[in-house]
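Trainee: Next come the chains, spelled out residue by residue.
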Amino acid sequence: MLDKNGIAKRIAKEVQDGYYVNLGIGIPTLVANYVREDIEVEFQSENGVLGMGPFPFEGEEDADVINAGKQTITTLPGASFFDSAMSFSMIRGKHVDLTILGAMEVAENGDIANWKIPGKMVKGMGGAMDLVASAENIIVAMMHTNKRGESKLLKKCTLPLTGVGCVKRIVTNLAVVEVTNNGFKLLERAPGVSVDEIKKATAGNLIVEGDIPEMQV
Amino acid sequence: MINKKVANVQEALNGVSNNMTFMFGGFGLSGIPENAIAELVKLGVSGLTCISNNAGVDDFGLGLLLQKKQIKKMISSYVGENEEFERQMLSGELDVELIPQGTLAERCRAAQSGFPAIYTPAGYGTEVAEGKETREFDGKMYVLEHAFKADFAFVKAWKGDAAGNLIFKGTARNFNPNMCGAAKITVAEVEELVPLGTLDPNQIHIPGIFVQRIFQGEVYEKRIEQRTVRPKIS
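Chains as they are written, first to last, in this note's numbering: chain F, 20 to 236; chain G, 407 to 640.
In short, the hints are calculated from the structure, not lab data.
Check before you lean on any hint, since a few could be wrong.
Distance condition first, Cα-Cα at most 16 Å in a straight line; then the derived EDC-like pairs of lysine to aspartate or glutamate [what the hints assert, rightly or not]:
(1) G:478 x G:499
(2) F:135 x G:503
(3) F:142 x G:489
(4) F:142 x G:464
(5) F:142 x G:501
(6) G:565 x F:83
(7) G:638 x F:80
(8) G:638 x F:77
(9) F:218 x F:169
(10) F:139 x G:487
(11) G:575 x F:81
Take these sequences, add in the hints, and give me the full structure.
Mentor: Now the structure itself:
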């Protein structure tokens with residue numbers, strides 16, 4: 020079984036040379052730490068920066084340079100700043116190659132819910148609806164089950180949707196899963212996790228074909 | 407040169423009244439019009455509809471207007487980090503319309519650019535699209551979203567001149583340029599109002615035509631919401 024850093028490490032393998040990548044808050048943010056150093060990747064933050072670098076050194080933080088999580092950041096050589104409309108032109112216009120975001124629920128048809136729990140948590144969708152409506156390549160990073168042990172990979176989402184039929188791939192603490200026309204297709208198992216365990220933790224239709232390899236992380 | 411310079415924040419806010427619709431630039435606490443907000447608190451205008459990506463925190467930004475119950479309705483994309491906001495929303499005192507961040511930006515830009523509405527894929531198939539016109543283009547579904555209509559846009563820039571030209575800094579740019587000219591009156595506050603002719607015309611982000619009033623803010627606290635750092639390696 021993987022921890023949050025393990026999930027991030029596995030997703031980092033999907034990041035290819037020359038990609039512009041948007042990382043959501045939470046586990047997705049950790050992906051930046053594990054991207055291979057021999058490839059060129061630029062991270063976009065939807066509040067208006069391309070070419071994000073690491074956190075600033077103590078004492079060098081600037082209130083005018085933050086990421087979408089409102090954290091102080093730095094920029095790398097070649098970085099640029101832009102306004103919110105241009106930022107979402109990059110996103111809706113499909114100029115961003117890969118979007119990695121968290122989710123509360125994903126359905127076997129690729130629907131995603133990650134912005135609202137009616138009556139409990141209503142913080143808003145931020146840029147998530149724009150991201151999932153447009154990105155060709157969306158990877159969801161999340162735990163396979165919620166805190167109550169219930170599956171987050173469902174036949175149908177129960178929470179208000181963020182987007183419809185948009186998720187292509189899911190990386191969880193247990194597995195790598197592809198969203199197909201017939202449901203969730205199991206691609207890889209996390210180290211030490213059996214196919215049966217993944218089946219038990221998946222409420223939606225799980226397609227298992229042949230031997231399922233263990234993830235390389 | 408058409409002079410946009412006003413003496414102070416009081417003059418800049420001349421004409422604001424109860425029940426108006428205002429736009430506020432800023433993302434989180436970065437690039438918010440701190441001086442205009444402080445003056446609105448002093449003026450005590452109420453029944454306001456506020457278009458702003460976020461709603462500040464309890465004791466700063468738009469949170470200050472919320473504390474005084476001056477806001478009737480918020481139109482935002484993300485409103486976490488604010489307990490008073492949550493309390494007013496759950497009790498029904500505050501009307502809240504949550505919309506996708508890119509849609510918010512584009513509804514500002516549509517108002518700025520003379521488009522009555524735009525089609526966006528964001529929110530299709532979700533509760534955001536309920537009751538809205540949808541249309542298919544090349545096999546994909548889009549939602550019709552209308553341009554905002556606002557009385558005042560309050561924006562904050564780094565540098566500006568008396569002609570109303572603006573230059574922004576870092577990610578404090580965010581929604582500010584998109585709101586310029588998107589309301590009946592755009593009030594720009596700047597950290598530094600520089601002498602006319604010192605800004606390089608090649609470097610102007612927003613030309614003065616989109617700005618009606620400009621002033622230099624008295625103080626900028628520029629509060630940091632999430633101070634994240636790494637240790638210095640000696």
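Trainee: Residue 638 (chain G) and residue 77 (chain F): Cα distance at most 16 Å?
Mentor: Given pair residue 638 (chain G), residue 77 (chain F) holds - Cα atoms ~6 Å apart, limit 16 Å.
Trainee: Would you check the hint for residue 478 (chain G) and residue 499 (chain G), treating anything up to 16 Å between C-alpha atoms as holding?
Mentor: Holds, at about 8 Å.
Trainee: If you draw a straight line from the CA of residue 142 (chain F) to the CA of residue 464 (chain G), is it 16 Å or shorter?
Mentor: Given pair residue 142 (chain F), residue 464 (chain G) holds - Cα atoms ~15 Å apart, limit 16 Å.
Trainee: Regarding the pair residue 638 (chain G) and residue 80 (chain F), is the alpha-carbon distance no greater than 16 Å?
Mentor: 12 Å, holds
Trainee: Quick one, are residue 565 (chain G) and residue 83 (chain F) close enough, alpha carbons at most 16 Å?
Mentor: 13 Å, holds
Trainee: Does residue 139 (chain F) pair with residue 487 (chain G) here, judged by a C-alpha cut-off of 16 Å?
Mentor: This hinted pair holds, its Cα atoms lying about 15 Å apart.
Trainee: Need the status of pair residue 218 (chain F), residue 169 (chain F): alpha-carbon distance at most 16 Å?
Mentor: Status holds; Cα separation ~12 Å.
Trainee: Taking 16 Å as the top limit, are the C-alpha atoms of residue 575 (chain G) and residue 81 (chain F) close enough?
Mentor: 11 Å, holds
Trainee: Between residue 135 (chain F) and residue 503 (chain G), is the straight-line Cα distance small enough, at 16 Å or below?
Mentor: Between residue 135 (chain F) and residue 503 (chain G) the Cα gap is close to 13 Å, so the pair holds against 16 Å.
Trainee: Holds or violated: residue 142 (chain F) with residue 489 (chain G), Cα cutoff 16 Å?
Mentor: With Cα atoms ~11 Å apart, residue 142 (chain F) and residue 489 (chain G) stay inside 16 Å; holds.
Trainee: Does residue 501 (chain G) lie within 16 Å of residue 142 (chain F) when you go C-alpha to C-alpha?
Mentor: 14 Å, holds
In the structure shown, no violation is registered for any of the earlier numbered hints.
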